[in-house]
Amino acid sequence: MSFDHALRLTEVLLALALIQQGLEHLRVFRRERILFGARIVLCGLVVASVASPWPLVGLAGLSLLILQRFQGPYNGGSDRLGLLALWCVMLARVLPVDQWRELAFGYLGVQLMLSYFISGWVKIVNPDWRRGVALRQVFAFSAYPVAESLRGWADRPRLLLAMSWAVMLFELVFPLTMLSQASLIAGLVVAATFHLANACLFGLNRFFWTWLAAYPAILWLQQRLF
Amino acid sequence: MANPFSLLLPALIPSWNFFDVIAASPRVEYALADSRDAALDAWTEFRPRPQSLSPAAMLGRLLWNPRWNESLYLVSCAERLVEEPTAHGEDEVFRRIAADLAGRADVAPWLSFRLLFVDPTGGREVLYQAAPRLLADIDVR
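Those protein sequences? They're chains A and B, same order as listed.
All residue numbers for the first sequence refer to this note's numbering, where the first residue is 1319 and numbers rise by one.
All residue numbers for the second sequence refer to this note's numbering, where the first residue is -15 and numbers rise by one.
Just chain A, same shape as in the assembly (with noise of 0.2 Å):
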């Protein structure tokens, strides 16, 4: 994948991620409706490569007021990403040299990689994880599961213990994936469906899409470097 089609790619599926985010903010409250009505259309010229790499610039810009108003990420590491993903792609259009704008994309690529393998470390060393007792906490009392029924999973500790090391183990040999370009998307496929379970389960959809988004990052990256 040529970095110009990594990059175009990466914008588009940000953009329509941005897209639906945004349409979910148009509900009820004025203020987020103008913030969010602004940058559905700015998105929208992304999509339509109009006036490049200006649109980038503005919502980059406009990140900042929204970042204002919800006074941090209105949904934590989803919103993280997407905000990482915004102002690496608006760097990769701007910036003047051709190897700083192949830093700057090639910064989202890496830091893909680490967002699976830190969260892996972080678990692995917490021996709550190892014996599967976090999981059964996240599903037996946080504010995640989706339904009520879902906290009775908290009742399945084998299950809760094989997802734990499951989750952990991918997490953690993620960036071995990247040594050929075949391995590595058979990772993200992996990584795509530990997404979606996500959405289902904890209602993170903003993370499957955020994810799916930056994923041509590291595809460009790893043929960038190996």
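These are calculated hints, taken from the structure and not from any lab test.
As the structure is a computational prediction, the values presented were derived from the model and not from experiment.
Hints should not be assumed to be uniformly reliable.
As the list claims (entries may be wrong) - Some chain B residues close to chain A (C-beta under 8 Å, calculated; not the full set):
#	residue
1	L(-4)
2	I6
3	S36
For each residue, glycine too, the CB sits at the ideal point set by N, CA and C.
Since the structure of chain A is already known, use the hints to place chain B on it.
Here is chain B on its own, set in the frame of chain A:
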């Protein structure tokens, strides 16, 4: 109010420590009263999750999930309010509860909310309770 660049920095240099520790989890509860000084004893959980959800509904939420995402935002607000109370955090919770109550008839005029935290042992503790506000004074536009 934090400046937006300081809020952007953790996104540009992320920590990626998702679910590293499963901390006590907040529930937002609200109560209505006829007067500011009335005793608040009938607390209602704000947006309790449904008993069950079909696979089709779960998949549908991939594309349209505003209320759940707003509830997750309120979890963030609740955690921030307990760590460092701010008018912004309190306003956000009040505004969203009031918006949900806006279409309902026979609603008492004073609204309060509290943040109940559930810990891993199942223990429950109220760590924050907001002073009552007049519903009519809360901007829900």
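Hint-by-hint comparison with the structure:
1. L(-4): 6 Å, holds
2. I6: 4 Å, holds
3. S36: 4 Å, holds
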